[in-house]
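*Asks:* Following the hints, position chain L against chain V.
Protein chains in written order, with UniProt numbering: chain V, 1 to 314; chain L, 1 to 313.
Derived by calculation from the structure, the hints in this document are not laboratory data.
No false leads were mixed into what you were given.
Heads up, simulated DSBU-like pairs for lysine-lysine below, C-alpha to C-alpha not over 35 Å straight-line:
no.	chain 1	residue 1	chain 2	residue 2
1	V	K232	L	K203
2	V	K250	L	K203
3	V	K249	L	K261
4	L	K243	V	K250
5	L	K47	V	K232
6	L	K203	L	K250
7	V	K249	L	K265
8	V	K249	L	K203
9	L	K265	V	K250
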Amino acid sequence: MYRIRFHGRGGQGMKTASRILGTAFFLEGYEVQDAPRYGAERRGAPIFAYVRADSKPINERGIILNPDLVIVADDSLVPVPAAGVMAGITAHTLLLINSNEEESEWRHRLNLECPVLILSLKEEVSERAELPYIGATCTGASARLTGVISNRALEQAIREELSELGTTVIEKNLENALAAYESMADNEGAITEGGLASADSYALPGWIDLPFEDARTSAPAIYAPATSVEVKTGLWRTQRPIIDYDLCKKCWWICGSYCPDGAIEVEESLPIIDYDHCKGCLVCVAQCPSHAIEAIPEAQAQALEAETQEGEQK
Amino acid sequence: MSEKIEKMIRSTRDLPSTHLLGTGTPMCAGCGGLEALNGIYDILGEKTVFVNAAGCMTLLSVYPFTPFRGSWLYTAMASAPAGAQGIRDALDILLEQKRITTDDDLEVVVLTGDGAAYGMGLSATSGAMERNLDFIYVCYDNEGYGNTGQQYSGATPHAAKTATSRGFAGFRGYKKDLFSIWAAHNPAYVATVIGAEPLDLAKKIEKLRGMKGPRMIIALSPCPTGWDFDPRETVHIGQLALKSGIWPLKEYIDGKVTHTKVPRKRVPVEDYLSLQGRFRHLFEPTRNEKLLDEIQARVDSYWEKIEQDEAEK
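Looking at chain V on its own, in the form it has when it is part of the complex (with noise of 0.2 Å):
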């Protein structure tokens, strides 16, 4: 059974991306289960979604947890724990990931020892979160990793799944797809099927038991104010909004009274944006009237504040 895991940020695609896999898996002939998983969470926040293909009646439910292929399609996703990019990667799985850093830099940070392909982003893009057709490019190699998908079935896999979206957005992302499935010849039928799980092998999740208690006590009740400050919004972010404080005209209202999530807090006339939570919207940027916040790429922002604190410490 092939079991593939795609890994993005919401408004990436990667939920249409399992689907158009999924079809092109269907339309070869293969029983297919496809579906996305997330929460609550919005645009920019990890989200990630699996494919199962099987030539006979796949039994498997749930959360893929022994991947053959699991494709990144935002390489600023791999280090955050709550995205589980590398749960259940194994020296059998693939990994494929969209990322302008070498094979063999993922290799070492990570100490893996399963092959790493990569899939490089032609440019550095402004909005992460909207990758353009990086939904189509993951498809496309990863149909090409199989080796049983044909550039006809993916074709008519996407044309059937993008069908309302009009021609110009299908053949972009045809384009794209076949693209990224010719790139991927070299390493045409690279994954190979994982074996059955045997009900016996499957290790029971640490559960809890909890006493069964009356509904006043077991209801779900919060007792404590403002406990959302404990989620850290933060990682949806992949712009930055920095503020030059040697621009600011310390007016004291506009981008605190504009952050839709109350993530700017205004200090003796001083603006301070609050990066646990700000989710990089970017309103601020574009209502400041003296422009003085500048959004930077997170990935950078993140690699200037790493040489920053190793600066201080020498």
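*Replies:* For chain L alone, kept in the frame of chain V given last:
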């Protein structure tokens, strides 16, 4: 915060510098509804019970996380005002029996999206106003069933593309005039607001805080996900909704409607429409002049009537 805002809000300088609502909510980046709710909550404060009908904002409080500092209760989509009635009654009984003091009393606030407010919750809302329930109703209006993928609702504007209105002309119906439907019940207060105009919003919330009876608020909520625009444009699009005259800021008290901000020189509606993917079919591949003219004419005729009424005064 609510305790600190004792002085009247007169200028933007009086707007709170920190927010009361907790961060870390699962609303989309650039959510216009959350922006409005932040402004509203800053003034209503923690002595509130929010009664939240199913919708995007039910996700604000998913156990064990909540951004609220006071109470919150979840109801089915159509029944938030009925839930509010129950809470108000319970509080009144506790007050009457002197089990709580007036200092412990809470303001009951219904929070729903436009799906509930304009559609399936309208009957319960009408009943609550009929019974003169002492409550506040906040509708965040993103003009569609946003939480489930933007299907059309009673608030969807003419010609907008939604998940269920995909033709070349978009949604064939017209946005319901909920302000007038509510005002026809003669409640204590009805107002339209928008997060992009925080001062007007703050003044209105401050005003209704001192009142009793049904107090109704509709906040137009630019929605990057459902309306298809870059999240950074949320405030800009809100400002254009005002400047184009598409979203009139007004209030209703004692049988009278007053416009609180009249756009003297209106920008063309297409300035507002063209920034949103849900109206892209009006511009590409060819301009749909007929529909654009129709939308412009409706806005023009609305304001002509307002200007006439003003001139007659």
